[in-house]
Amino acid sequence: MNFNEKRDKRFSSLGTLIIGFLSLTVMVVLLYLGYSSQTMANRQSPQIRVFKQLKVEMISSHLVLEEVLKGHPDENIQTVFEHFEKADNYVRPLLDGGQLGSVKIFPVKDSLVRAKLTNLLLIKDTLFELSNILYAEFDGTTGLSPSDQVYDVVFKRFIQKSNDAEITLVRLQEKNIQTYYITQIGLIVGVLTLGIFMLLVFIWLRHFKNNKQKQLLLLNTNLAKSEKRFRFMTENAKDMIYRMSLPDGKYEYVSPASLAVFGYTPNEFYDTPILIQKAIHPDWHKYFEEQWGKLIAGEMPPFYEYQIIHKSGETRWLHQRNTLVKDKKNKAIAIEGIVTDISKRKTAEKELLAEKEFSEKIIETSNAMIVGLDKDHVIRIFNNGAEKITGYFKEEVLGKDWFTIFFSDEIQDEMNAVWKEAWGVLSHSYENIILNKKGDKRIISWQTTGIYDGKDSNKHLMISIGEDITTNKQKEALVQESLVKLNEAQNIAHTGNWELDLITQKLLWSNEVYRIFDLEPQQFEATEEAFLNNIHPDDRKFVYNAFTESVKNKTPYNIVHRLLLKDGTVKYVNEVCKTYYNKSGEPIRSVGTVQDITERKQTEDALQESQTFNQTLLDTSPDLIYVYDIIERKNIYSNQGIQKILGYSIEEIQKMGENILSDLMHPDDFNKYLKEIIPLYQTTKDGEIIDHEYRMKYKNGNWCWLNSKESVFVRQDDGSPKQIFGICADVTKRKNVEESLNHSHNLMSYVIEYNKSDVAIHDRDLKYMYVSQSYLEHYQVKEKNVIGKHHYEVFPDLPQKWRDVHQKVLAGEILSADEDPYEREDGTVEWTRWECRPWHEADGTVGGMIVYTEIITERKEIEIALRNSEEYLTRLMQTIADPIFTVKMPEREIEYMNEAVGKLFGYKPDEVIGNSTKMFYQDEANYAAFGKVLKNALENNKSKVQAEQQLVTKNGKLIWTEIITTFLFSNGLLIKVISVVRDITERKKTEEELEKHHASLEELVDERTAALEESHEALLNIVDDINQQSAKLEKSNKQYAVINQELETFTYSVSHDLKAPLRGIDGYSQLLYETYFNDLNEEAKTFLKNIRKSSQQMNVLIEDLLAYSRMERQDYRFERIPFKALVDNLLLYYSNIISQNKVAVKLNISEAFMPLGDKDGLNLALRNLLDNAIKFTTHKKKAQIEIGTSENETQWLIFVKDNGIGFDMKYHDRIFNIFQRLHLPEEYEGTGIGLAMVHKAMNRMNGKIWAESEPGKGTCFYIEIGK
Amino acid sequence: MSANYKNPPILLVEDNPMDIDLTLRAFKKRNLINAIQVDRDGAEALGRIDKWDAGEQQPIVILLDLNMPKVDGLEVLKIIKEHPKYCTIPIVVLTSSSDSTDIEKAYKLGANSYIVKPVNFDKFVEVAAQIELYWNALNKPID
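Residue numbers (the working numbering), protein chains in the order written: chain F, 269 to 1535; chain P, 350 to 492.
Looking at chain P on its own, in the form it has when it is part of the complex (with noise of 0.2 Å):
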């Protein structure tokens, strides 16, 4: 495995570039030495299969977004979690749906966890700080 980055990085998949804006400034407040990548639509995501096949480094955890253009959240979710090497990246679910249906499909389709963007920016930075704690901090991955 090249190891270009220290830390492995955390993936964002988002098509907001506001939201990706407060996402990224979330995070920074929150001093985070990972590196984030940014995904700006599911295609381009699923276009992240390649690049680990070539020896890019595996992100520690995928922040994926549900409602987006070309191939949605849902379907990335699918088939990174239908892959026999990837399945074990944790992918958790960052989305402004609340909605029960969207949340079912998601576990069924093995999302690690589901988080709904707060509108309040504090809130927010809070969920940013928790994501961070949680999955880069705590939660212990496959080596």
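For reference, chain F alone in the conformation it holds in the complex (with noise of 0.2 Å):
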């Protein structure tokens, strides 16, 4: 196998194995629907007994009522309230769910049900206040009442409802209990599911073992049946399976059975969206749509039933069942359904119920006499007919021994024989003699029936219908009328009877029996022959053996066997037979039932058939396949794998029981599956696989490695995982060879990592397999982790140039350079030398390639630094003005000289380069002399020295030069100074007069020196006199702090002082005034109203100031201020003024205006304002004032905006000033006090406050906070 084929198999089988998680899915939501269905009929059988027992209850407060008001002695009302009571305490948990003894009860779900159960609350409510009206009417006497009229209505409306409620709670029972036959198909669906997801899994297993080709095939041929077998199942259903997209409404998919179903082909369906609602019958279109609605909306009823009108005309009862199909974001995106015709049940319940009336009807007006026992032959049923017959009253025989009564004792033995005998019999017919009242004997033909209700066998009943043929033959008629309803009943449940007559080998069908055989009662004549011939050539000898065996020894027979019908149909039928022997013993008749039992079996079989698939191939797999429930800690299943793989038996496995993983994993393996697996599970959804490998210990005692893939297999209700499904296999030997090579993978990066050189090795696909660190270092490369990363993500902005050279080299080309430009990111420059060698696989193909580098720049830049520095140097040596000369040493030779050399000394270069610098010295003593300062300053370890020297120009004339010299050293060796020779003739010349000059400047610096010491002496004086200044601010500063402290002690006393006498003149005001009321004359009371008034007034100024003068008091908090909170509260506290002088107020103010103030020097600004503004628009019609908010970068603005009568502009200034008045008291009230207490506020808080106004049309006040 190549590598590409190798490749498309492993993405196939990818792919396999994602439709085979998805169907795992399938299954595990099928599974449990099908759980939850049956929990649905388990919950449901409770409800009806309770149900009964409402109904028990409410009869029996019944009879007793009947009893009190009838005058009997043993019974009172408070009986009749019991029965209230418990038929109360049984209702209730049907609607609310509760327990009832041992058996919990839970509530009801249907909700026509539930309204029902309401009803017959309600009408129970109604029955025990009526009964409470009864008792209270009861005089004593017996007689009617009106209220026992009504009383009567009601009871009997009570029981009529409670029959009918208890009908639809059956029927809901039964439709359940079919729901739950649907999804056991769904079961199989989902097992069968399973088994192609296993054999995929199997396969792909496989595909590692070539030598394994056949047992492929094998399994190949059974996928393909087993698919076959699946896509026969859903294209052969009955019901209508389909699957719908939303929101268009577009069928995606719809079975055959839609043309059965609805009438219309699949094609008609992929034509007309939605056309299930389009075929709804009228009176349904409601419920659909409400349930439809349910449905989108995610609520999912179980099921739902509903008409629809066929493509024929004809109206259809449908029972649907759906399911929303939701993608990743929860979004519904289709609806799978599975659709049954329900018409021939509803016919049948609806004829069913029909049938009951009318033989309910039959019992009580039936001349016949028609008599029910139970197995202890006790008297349940005993209608009119027999009342006739008999001669006793029901009263006198119902409860009673049915053969003590009509049977004289010498018989009673041979009765009680006979009883057995027939007790348990489906039917038969007898004649015997029976005694009337009178002591006369009857002989009464008997045609007997079992009617068997369920398990329960103390309500099994022997209706006997019985014709007084002493006196009356012709009423056989009516008797053989009502046996024919009764057989009928029975057919209803599939299940015919037959009989046998072994005499006349005559053979006699019910109808149902003829629908089993598919054969038409007129067509066919039932003989024992005609029977063989339609059971399947294969059962005919086994189904004759049962049948003679049984009558040969005696036993009935219960046996399955299968008929072969006409058109070629195989169904299984289940046939219990029994047969009657005359006294002699000989057999006389069989009598037996038959009943279908196909669809039954064939679910058996595809069980049995999927199991039996699935374990074969779950015992082939050399792999461990296991689930483990992790709740239990238990091993729920495994297959052989376990013992293939780790050699235990499946005994010892058996042994270690929940240990089984403590035991056999390596610890350090099974503390982290107990710290990081087991917790995975917990958030692992459906389909999702957990890949985990640890260490398992064989039975030899070693380690191996085992890899786990596992999957969340049963979840319990709450969705938490119960049972991992996993697939374990065997992987020491690729773990160990991981191991080798990763031991060798390990080297080998230790090698490169601490390589001093930068190398890195790339795999073809140009990824870091290796690399030094100083490589690292040297690109700046700053991720840690560059293994494993491409080369081009690691340097994004490589240039093409590199690209290429790497294209060179994978495809086999040795590349190097020696000096190579690199730019980086940030715009430098770095010189690279490198080189680029493929490596080469085992095969000889290019596995990738090496690369030296080494970062050069360093080296390059003192080059060209080199380079450029002698350049400039030669350069600056022909522009400078001073002569210079370069000399070899120690020989003196000139190497280099200037062209200012030429212009000094008069020479051409050429006269000077090569000759000793003895040529520009006046003797040998001046040569030698120089030479010993350079020797002088090379002992003193100097590099360069400054010395006088006298030299001669060419024409022989002696100049002052100064010659600095530098020294250059090779290996410590001098081998080269560079003189720069200065002509100082001119300054020598200075010097010496500059001598001459000396004496006389130290006697300037003298006298400077002496005004310079004057000055500095005042600076003095002038720093001692601000010094002087600051302390007298200082002390003025602390005296005006004392001033300031004191004026407001000052202040707050008087404030308070001045409010005692206020009370008095106010107090005693009054008090003249209410004392010496008669007396006074009305200008004296003016007077004192007066005088009051100005009491108040003036309180009113004193609060005022008290609150200007604490504001100096009291220190500032700055927090953040949820400044709308503030307003609210403020509005709540002038509520009543807002409301009294009718101000319309405005708010515009963000939630989020938070200023950084004091809240109390904010409030009181703010209430100032407001007062201002509610005082200002008091003769305003429509008064109204706006409070907002806005803000910049760096400030919060409040405004406070009102159209009241406002005020020029050119007082602006002055009515933030204390005491400021713009109006006559007797206009608006004031003090004066309120903005100059709103300045200052906003002052200590840093902030600022100023209006803008025009007379008549209103002010706004503006408040500005600092952010």
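Simulated from the structure, these hints should not be mistaken for laboratory data. Think of the CB as a built atom: it goes at the ideal place given N, C-alpha and C, for glycine as much as any other residue. Any given hint could turn out to be false.
No more than 20 Å apart at the CA atoms, straight line, and that leaves these computed lysine to aspartate or glutamate pairs for EDC-like [unchecked claim]:
1) P:Lys377 to F:Glu1342
2) F:Lys902 to F:Glu920
3) P:Lys454 to F:Asp1383
So the derived list for chain P, only partly shown, Cβ under 10 Å to chain F, looks like this [as the list claims (entries may be wrong)]:
4) Val441
5) Ser445
6) Thr450
Which chain F residues stay away from chain P? Per the calculated CB distances, all over 10 Å, these [as the list claims (entries may be wrong)]:
7) His330
8) Val1180
9) Lys1410
Got two chains here, each in a separate frame; can you build the complex from them with the hints?
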């Protein structure tokens, strides 16, 4: 198998894996559905029992009440009430759920039944009230009162309604059971899907085992079969299966059954979106839309039933179950549904009801005698006909023993023996003689039928219809008729019965038998031979033998066999037969039942088959496949893989039980499993796989590496995982190889990582395999871990040049460069020397490339710098005005001179270069002296030396020069010197002159120094002055603070002390006014009123002054103020006055407005502004106040705007001064302190206040606070 | 306990004679049956402690002014409220000051109530009525 093929297979395996897991999910869902419907069925039966109990209580109450009203001494009304209470106790749990004795009652979920129950409760309460009334009216005498009649009507209504509700409840249960069957089919589909999934996993695992091709082939065939079976089931299901996409309502899949169910082909469905809705019967439109709405909303009713108009025009009953399909975002994308035609069932239900009523009527009205006996032959039913024939009244015989009453004592034992024989037989007819009340013998012809109600043998009844053939043979016809009716009722249970007269060989079939055999009663004469002809040829002998054996051995038989019908259909039937014998032991009659169990049988077979299939699959797998319960910590299932892998026997594994993991798993891995893997299960979604590897102990004690792929198999009701499904393979060999590979890899990594050179090894995808630290440092790679990363990912801006190089190298070339510029991200240029060469795999192909590089920027820079500086130097020297020499040492031979040398000394370069410097000296002594200067400097480790020296020009002129000489060394030896020569002849002259002036200069300096000292003293005096001033200032500051403090104290105490005399003035004025009211004239009274008014005005003034002074004394606390809340509070405080003055207040405040300031200060400011706004809008018809906020980058801004009288802006600054008023007191009251306070408050908060106003138009005050 | 009074008295601690007069008149308007004891400054009020020790009936409530000569009201409040026995006597501060620092101090020292004396006499009568109703009729003191 070459590489590509391998890859393709792997991809297809991946695909199948995905499909596999989808199927697994479907299966889990279906399993859950199956489980839940079963639970539903289990919940129902106690509900019905409880419901029956409710009726019993109500009837009991009725009976007791009757007795009470008849004046029965043993009964009292309390018992009636107790029955009501019990009835209430029974019905409540049906609505709310609860406990009755040991039985848990689940609330009825069906809304219809709930409504009926609620209605029943109402009727029950009415009955209770009526009972009370009746009892109250009861005067000891008998006779009907009007309430009596009402009570009767209501009681009948209760019975009628409760019967109705019970039937609905029973029908609901039947429906749920049907749902259960549907989900059973779902279960099988799920199990089959699991099978397919297993197969796929198996195939996938098999890919790596080439030598087992045959098995693969076999499995493929099985897969095809299984798929075919699955498709067959969908395509041939009687129920229509569909999938409809949302929201467009287009059908994505419709099974062919649609033709039968709706009369429309799948194609018609595909062409017409939401065709189902269009087919709905008009009566059901509303219901269907409601259900549909719930479904779309995700409520998903378990099922719903409705009528449609079939394409043929017929009305049909349908049963539909839906699932809403959602995508990952929880958006509904499709609806999947199963639609079943239940018209026949509905008709049957209707007929059954009619039948039941009819039967009851027959029993009551029939002239025939109808008697029902329970298993102890106690009389349970005794109709009017029986009364007539026997002369006994019902009351006399009900609950009593049939034989004791109607048969003479002598034959009691015989009758009991006959009874034992007859009990349990479905139906038989016979004649006997009974005694009537008078003691006369009557010959009765009986037709007896057993009615068996489920498993409860106490409820079994033997119904006997008897005709008094002593007197009246005409009634035979009626009896016959009712028999037929009863038989039909049985047939609904898909069970037919037959009777074979062994003497005449006449075979009687009930209609249902014909139906089962698919034969028309008119066209077919039932004979034993005909019966045998319809049995499947393979089973004929078996059935015949069973029958003959049974007749011979006198034992009933119960067998399952096949029928082969004329159209080729095969049916499974369950046949039960019993033969009756005459007294001499000869068989006379065989009676039997036939039940069509085809569907059940098919289901069982399919299940059986798929189980066998799965088991084979599991057992042939070399891997360990298991289901582990993580809650109970035990293995639910494992195949033989564990034996094969670890070598333990199944017994040994079972012995380990729940310790299997802790015993066998490597302690390190077990620890990891507990800490890391188990928590993973909790978060794993369906379909996700947990892949982990760990060590387990072989039986021989060695460790082996296992790889487990696990997913959640079963969840608990709350969705948490319960069982884990896993497939586990032995990966020890792979692990060992991995380990040794790892070892050499690590070694290589180590060697390269700490290599001093810059080395990188790439694979052929240019991903880093190994790289040296030095490489990462030099190329400034910030990422710590580049191994596995692509070269271009690490260097995204790598130029095309390099990319070309890489391609060539990967093609096999070896490339290198000694000097190569490389520009970094920041624009700097690095020089590299590099070599790229391919490395080869064992088979000779290129495996990747190795890059050796060296950053040579530094060397390169030095080279360039050197070159540049040489050039620079030459130019410099040429342009410098001072003469410069380069002299080779120790020869003192001139190597170089600049142009300036020529100018100063008159030589041309070729006259000088190559000569000794001796030519510039006056004599040998001078030459030697300068040599000594150089030597001294060298001995003192100086790098240069400066000296004055007389030199000689070309024309013999002596000049003074200053020579600066620098030494150049190589390997510690002086190789040359550079000397810069300066002509200092002029300076020498000046120096001599300066020497002469020196004395007079010193004198001058002395004079100047004296002057400076004077001015210094003056400066010190100024500083003194400033210090004095500063001290004064500080003192006055302190004084000011003291005065300020005193002033505050003064204001505070004055304000307080002023209030006491004011109270005196006000109090005594009032007392004077009250006490001497009659003695005072009107003028005096006015005076007193004015005194009081003044004192109160003064009080307001004092309060304001107090508040003003308080501001100074209080510390301001800065905090974020929730402004909106502050204003809301304030408006609450002002709400009375605002509504009195009919002020419209408009707010424009952002919730996010949170200025930084002192809360009390800001509150005070706003209160005063609001006071003002209200005060100055008093005379406005439509007073308006707006409080608003805004902000910019640095400031918070608050404004309070009114449409009041306003003011002239020329007074703007005055209004914020204390005691400043713009109006007369009688116009607008006020102390003139308010705005001053606001101003002060804002100052203290480092804020600002200003106003914009126009007389007559209104005023807007602005407050600004820094952010 | 010697029962000098049928009903426990109300103790008024107040220095201003006009305020005393007005307060008494205001209570009189309420037809108060309790006796009203008057102490003219803090020192006199603190002298009560000895009298209570000697068996004098304790007041049902003390009405205490703050600004007083010798010992001021806050000091009186502090001493009584720290007294192991008499700290249970309710003290209502009745003063001209509506200063928040005064209010805070008074409550911190254990005042049971703080009432600002209104300047308006009608309101003052009302306040007296409320004090009488609350502390004399409604409030349940320690027996």
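Which numbered hints fail: 4
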